[in-house]
Amino acid sequence: MNAGNGERGTGNGLSSAARAEIRRLMAQFPEPQSALLDALFVAQEEVGYLSPEAIRGVAEVMDLPESEVTSVASFYHLYHFKPVGAHVIQVCTNLSCALNGCGRILQHLKTRLKIDVGQTTPDRRFTLKTAECLAACELAPMMLIGDDRHGQLTPEKVDAILTRYADGRSPKPEARGP
Amino acid sequence: MSEQPTVTLTIDGKALSAHKGTTVYQAATRAGIEIPIFCYHDRMPPLGACRMCLVKVEKQPKLQTSCTLEAADGMVVYTDTPEVKAGQEAILEFLLINHPLDCPICDKGGECPLQDQTYKFGPGRSRFVEAKRDFAKPVSLGPALVLDRERCILCWRCVRFGEIIAGDDALKGFERGFSSEINTPFTLPVQSKFIGNTIAICPVGALTAKSYRFISRPWDNRPVQSTCTLCGVGCAVEFDVRGERITRTRAREHPAVNDIWLCDLGFFGHAFVDHTDRLRRPLMRREGGFVETTWDEALSQIASRLGRTSGPRVAMLGGARLTNEDAYVATRFFRAVVGTPHLDHRVDARPQSPDLAVSWGMGTAIADLALADCVVLIGCDITETYPVLWLRMKQATERGATIIAVTPKALEIQRFVRWQFLHRSGQGGAVMLALADAVRGTAPREAPQGIDRTALAAAAKALGSASRPVVMIGRTALDAPDGWQMLAASGEMCRKTGTELNVMRGKGNAFGATAAGLLPDVAPGGRALADAASELRQAWGSLTTEAGMTAPEILDAAVAGGLDVLFVIGADLANDVPDRERWRAARARLPFLVVQDAFLTETAQMADVVLPALVAAEKDGTVTSIEGRVQRVRAAVSGPGDARGDWAILAALAARLGKTIAYSGWEEIFNEMRGLIPGLGIDERLPVRHPPLGKPSEPERPASAAGGFPLILIPGEALFDRGVLTSRSPTIADLAGEPWAMLHPDDAGTIDAADGEPVVITSARGSVAVRARISPVVLPGHVFLPRGYDAAPVNTLIDVNEPVTFVQVRALAPAAPS
Amino acid sequence: MPESFLLKYISEPDQADLETYLSRGGYAGLRRALSIAPEAVIDEVDKSGLRGRGGAGFPTGRKWRFIPKDPAITRYLVVNADEGEPGTFKDRTLMEGDPHQLIEGIIISSYAIGARHAFIYLRREFSTARDALTGAIAQARSAGYLGRNILRSGYDLEIVLATGAGAYMAGEETALLESLEGRRAMPRLKPPFYPAVKGLYMQPTAVNNVETLCHVTWIFAKGYQWYKAQGTPILISVSGHVARPGVYEVPLATTIRKVIELAGGVRGGRKFKACFPGGSSSAILPEAYLDTPMDYDALPKVDVPGTMLGSAALIVMDETACMVEIIGRTVEFYRDESCGKCTPCREGTVWLGQVFHRMLHGQGRTEDLDLLSGIAKGMTGTCFCPLGESVPPSLNASLRFFRHEYEHHIRTGRCDVREKYAA
Ligand SMILES: Cc1cc2nc3c(=O)[nH]c(=O)nc-3n(C[C@H](O)[C@H](O)[C@H](O)COP(=O)(O)O)c2cc1C
Ligand code: SF4
Ligand code: FES
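Residue numbers (the working numbering), protein chains in the order written: chain A, 1 to 178; chain B, 179 to 996; chain C, 997 to 1419.
Worth flagging that the hints you see were computed from the coordinates, not collected in a lab.
Ideal placement from N, C-alpha and C gives every residue a C-beta, glycine not left out.
Take the hints with a grain of salt, since some may be wrong.
[Unchecked claim] For lysine-lysine, the following DSS-like pairs were computed, each having C-alpha atoms within a straight-line distance of at most 25 Å:
hint: 1; chain 1: C; residue 1: Lys-1373; chain 2: B; residue 2: Lys-263
hint: 2; chain 1: B; residue 1: Lys-198; chain 2: C; residue 2: Lys-1186
hint: 3; chain 1: C; residue 1: Lys-1194; chain 2: C; residue 2: Lys-1065
hint: 4; chain 1: B; residue 1: Lys-315; chain 2: A; residue 2: Lys-82
hint: 5; chain 1: B; residue 1: Lys-240; chain 2: C; residue 2: Lys-1186
hint: 6; chain 1: B; residue 1: Lys-240; chain 2: C; residue 2: Lys-1297
hint: 7; chain 1: B; residue 1: Lys-298; chain 2: C; residue 2: Lys-1373
hint: 8; chain 1: B; residue 1: Lys-237; chain 2: C; residue 2: Lys-1186
hint: 9; chain 1: C; residue 1: Lys-1297; chain 2: B; residue 2: Lys-237
hint: 10; chain 1: C; residue 1: Lys-1194; chain 2: B; residue 2: Lys-572
hint: 11; chain 1: C; residue 1: Lys-1194; chain 2: B; residue 2: Lys-198
hint: 12; chain 1: B; residue 1: Lys-310; chain 2: C; residue 2: Lys-1373
hint: 13; chain 1: C; residue 1: Lys-1373; chain 2: B; residue 2: Lys-237
hint: 14; chain 1: B; residue 1: Lys-240; chain 2: C; residue 2: Lys-1373
hint: 15; chain 1: B; residue 1: Lys-234; chain 2: C; residue 2: Lys-1186
hint: 16; chain 1: C; residue 1: Lys-1373; chain 2: B; residue 2: Lys-234
[Claimed, not checked] Restraint ranges, calculated between C-beta atoms of paired labels, are given here:
hint: 17; chain 1: B; residue 1: Gln-182; chain 2: A; residue 2: Glu-53; range: 34 to 42 Å
hint: 18; chain 1: C; residue 1: Met-1198; chain 2: B; residue 2: Arg-593; range: 40 to 48 Å
hint: 19; chain 1: C; residue 1: Glu-1283; chain 2: A; residue 2: Ala-160; range: 37 to 45 Å
hint: 20; chain 1: C; residue 1: Gly-1227; chain 2: B; residue 2: Ala-636; range: 55 to 63 Å
hint: 21; chain 1: A; residue 1: Tyr-49; chain 2: B; residue 2: Ser-643; range: 43 to 51 Å
hint: 22; chain 1: A; residue 1: Pro-122; chain 2: B; residue 2: Ala-314; range: 26 to 34 Å
hint: 23; chain 1: B; residue 1: Gln-592; chain 2: A; residue 2: Glu-45; range: 25 to 33 Å
hint: 24; chain 1: B; residue 1: Ser-945; chain 2: A; residue 2: Ala-20; range: 36 to 44 Å
hint: 25; chain 1: B; residue 1: Gly-199; chain 2: C; residue 2: Arg-1058; range: 45 to 53 Å
Using the sequences and the hints, build the whole thing.
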């Protein structure tokens, strides 16, 4: 499923390092299920998205019903159930950003990346999403690319930022593609 | 007993008093005031999600949900002010905007709370002009269940049933907000043994039964109150009958048994009743084949054969599918008319095993399981054998009860098992001894292989300090190579904790068969034959009161040529006996075999005469449950062709033999039984009599793996299987799927078997083909193979002279390298 | 500009470093708190008059007093760092810039209620805050401010950092607890039990907002008399059409007009049109209300139902904002963030969303105005939790103050505001 990263093979999409990390997270809490949200991120980061196998892996390590794990995961916006691009762009479209022209920014991103919201570029570099208020209204209009915040956006600024990521000069190590 | 504190409140001007802790909804309902609800279900804590049950409470600015509001002293509540009406109308309007209103084609039509509430409380008009929420039309969630998400009103009842009542988390909510939907992960078939209950409690037609889709409307059904006889728990059911067909089974409330629930075997297992394979006329063997014949001729032939032999050269096996009255008349027929003491319903017992030394059944009351604070399951796979009992145990776990399991295969409910001692075959006795020692306060003699000492000590501590422990031993333990030791240690442990041992053994009406005397060594009611002799003679005339042979001994006798006639009633020996080879040998030496059954079973196919019998759903009478409770069954339909009730068949045969067995109906038989069976009464419990437990023989050291057969076979149970009846109930057969066996991943790896792929299991005796399931719920070196699949009979592999069956597993198509 | 405390060192690059924090007086308040009885700590918070900054404004000392004192009962502190109310960004600012200020407040507060475990439930998207807090916790731990026997007081505390996964609902305290227990963020029934009685793992739990706990740090650093003398500071997140959006620390009850002025006034010399004074869950207010003091009591008293201080997020809109569009966007927000548990919120928000969509696409009908208020009425007082109840106030206020904009949309199928200011 995932090219280029060594150890895997139990057939459920989770390496033993990921499993160990999930167990470590579980040990932090009086009740291990508390680690579920963080554990799902461990799985998502490793596999790239929450594949059924990744979910099964989490369920197995945490000794929870798969139905429960899937149900919980599906509630939250930050989990992906389909493969996503190397960089997930989240454009805030809530009030302060709307008042500051996020519509224009979003439109610009769609045109430039030639994709619609929810889609991934054919080169699997970018996935475009909208987000609710990201608690950075002083920077409106703003977006996140991966974990990085970019604010006071203009179409020109967006272009410059995208070029940086497209050049592979993103400030963070690249997420693995599917 | 202290008085429960009460509160006084006023609802719609009526002054009411209610126990403290009662909700306003409950108080109102008890006073006959109707408040509409959807999400509230009285077997679950209130949720307050649908917001339908709004009421006005004086001095509270907002409307309140009555299902969540605790009644308080001096509270003044109104359920029908204009404000309340407006609130309820608003909620109904909200619910209906996304409801398809396809009532004319919805199975729930006519018994749909949403339909009813809309009629009573709805606005009668809609302002909704937008497009409704759209889901792919009904989706199948496995063999039993169909989900129509458009109809779902998100009351969460089904989800909470799985979480709170069944503990299987079968259906869940996915996504959120207006995208919320009830489903299984990735719309896979639902994994549950209790899903029928969600169909029953869904307030709309979102969850429907595949077997009932478009079959009937509630007003076309005639309900018949009866008792489920499929596993032994004895759940109260209602068969809905339309014409001569059972359209569906529903749960009837029985507080002491099933409360309001059933398992899916109960819900969907009735379909065999009108299967086209049902026997309609007697069959006689002629020139190697069967020909249909008349009752007259069939009975004459049997009578003439019986006339040519003596009583003790005749034996009878079976009876677990009979009613109490059938079983009783059978006992009378064989002891008094034929004059043989060789009768036994325990056809599946292993020779020499503790199976034959203990009384089957529960001393603990089913309802009390919910109050247990510690449950020990010894070789007892509760959800596969007596599923509804698990629902009571689940309640106990909610109250904090500890479950301890000593089994060779981890239980499906393992999430709720505090200490699971997964043991190797032949090691269960050692685990039980160590546990019994630890309860007694002595350090465990030896820590059995692979078992954690500290866990044992902790489990023993929990058990030792329990004030209401429940201990259950099941077939897997009793049939184990060290079964005697398991039984003895379990008995010892019970003595230490001051509780009784529940023997979780026997299906269908095995308990009724026991009570009615279908045993070689006791009289009806469990009394010693000698003690009951004179009363029996009075009722039946002359009879034999000797002790006869047990089921395994009867087979031995047949093998040795010691029998002339064998009657098999409501049993399929070929599949039921533990060792198929012995049955074959027995049949080969038997001059005459009579089979009385509803289907042409494998056993029936080898018979000389086959008599078509009715099944429980076609009979009036009583049955007895695993806790000894005697309950009514009622004829829902009349049965196919010339099939007859079992006791009537035997009475007719008695007449041919010049003896009179004449009863006007089941009541007369029952009344006669009451004179002979102390404590017999409708809805009363017959005591389970435990004889003093036998001394444990030296644990048999399992032989080591013979060349070429490296794995140990663990025969076990599956709730959904494909036996005589279940293979003819399509939903159950589909739920059961193809025969399967469970292997540990290590062993699967060795033989290159992949999950779901075909494998062949071979022993020195024979082989079966099954699909591999691969999971660490069994230990390496073991193969778990469920009984009850007629296409892969476990008993072809087993030689009962060997305590352990060693097998080899071969992948038919080796797994592709991954 | 009034003097700030909570924000004092927020832009200093090394404030996240323990040494620096200590050199600026950090953890002195903790020392003082640990030297007095927990009960006395609660007393002092009570006297400071501190009210929760998460949105409900419940007095913090009073909340802590609901927590049973029996030492045999396990108690927890849960830090609500899920900041999701539209327009609010003060908590993120505090955590990124001055994490020890929060950690110190957490330790004091945990001590007050007798918790030996504190959990921070942090919004997943706050990666900078996550790093800052992780670092600060590790530093505090190795310096003896966390862990066993803190500063030789005999008091033990562990702080565990957990993250959310994208759900506004998880900011509501009972949904937060569900989420922190690894489940769907659906609100719990209350009454009968509030978190202080049955909270995390059904144990007594104080759920407190990040800013609230930072105030606790200051109350103990300087004493409650000093704190009160400052006029009770509050952080206001100002955004929208102002010249200098940002977090402002002002005395409680500063007027809306004053706060807008602090933020540089309405941007580009435009005319003020309306504002959300307390995040999108508060009703919007037009110009006539600009002199209302931003505090817990004055805002709810204005004649626009549903007005509140909330999370003190002031979103300012000038004349270029189309109210139909803004309220439509708000409705969509609640629709998408509704957990789906209760009927009126789940269905009402979709229905409203559909009506707004039609109106904004030239298919409005005259009946729609009554329909909108009808739906809002059906949602008022019937929802399970405050999320759904947050929708009607702004909708009703917009129908009252900006009805003509709706009517224009319906009549012409077009937006006059947009046409006027399209540039
Ligand atoms: C829908 C909803 C969202 C909320 N979101 C937040 C939030 O993001 N941060 C927060 O601190 N409180 C939030 N709250 C308020 C909390 O429920 C709770 O009142 C607060 O955390 C208590 O802390 P405090 O007493 O320190 O204010 C929210 C409430 C609701 C109803
Ligand atoms: S499927 Fe039925 S029981 Fe389940 S939530 Fe929907 S309406 Fe309720
Ligand atoms: S029945 Fe009361 S809210 Fe659903």
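Straight-line alpha-carbon gap Lys-310 of chain B to Lys-1373 of chain C, limit 25 Å: Within the cut-off at roughly 21 Å; holds.
Is Lys-240 of chain B close enough to Lys-1186 of chain C, meaning Cα to Cα at most 25 Å? Measuring from Cα to Cα gives roughly 15 Å; hence the hint holds.
Evaluate the given range 26 to 34 Å for the C-beta pair formed by Pro-122 of chain A and Ala-314 of chain B. 28 Å, holds
Take a look at whether the Cβ-Cβ distance between Gly-199 of chain B and Arg-1058 of chain C falls inside 45 to 53 Å. This hint is violated: roughly 27 Å between Cβ atoms.
State, for the Cβ atoms of Tyr-49 of chain A and Ser-643 of chain B, whether the hinted interval 43 to 51 Å holds or is violated. 48 Å, holds
Beta-carbon spacing of Met-1198 of chain C to Arg-593 of chain B - inside the hinted bounds 40 to 48 Å or not: 19 Å, violated
Should the hint that Glu-1283 of chain C and Ala-160 of chain A are 37 to 45 Å apart at their CB atoms be regarded as holding? Since Glu-1283 of chain C and Ala-160 of chain A have Cβ atoms about 39 Å apart, the given range 37 to 45 Å holds.
Pairwise hint evaluation, Lys-1186 of chain C against Lys-198 of chain B, where the allowed Cα distance is 25 Å at most: 18 Å, holds
Is the hinted pair Lys-1194 of chain C and Lys-1065 of chain C satisfied, with a Cα-Cα distance of at most 25 Å? 14 Å, holds
Does Lys-263 of chain B sit within 25 Å of Lys-1373 of chain C, going by the straight-line distance between their CA atoms? 13 Å, holds
Is Lys-240 of chain B within 25 Å of Lys-1373 of chain C, Cα to Cα? Answer holds: Lys-240 of chain B to Lys-1373 of chain C is near 12 Å, not above 25 Å.
Pairwise hint evaluation, Lys-234 of chain B against Lys-1373 of chain C, where the allowed Cα distance is 25 Å at most: Roughly 16 Å between the alpha carbons, so the hint for Lys-1373 of chain C and Lys-234 of chain B holds.
When each numbered hint is compared with the structure, violations occur for hints 17, 18, 25.
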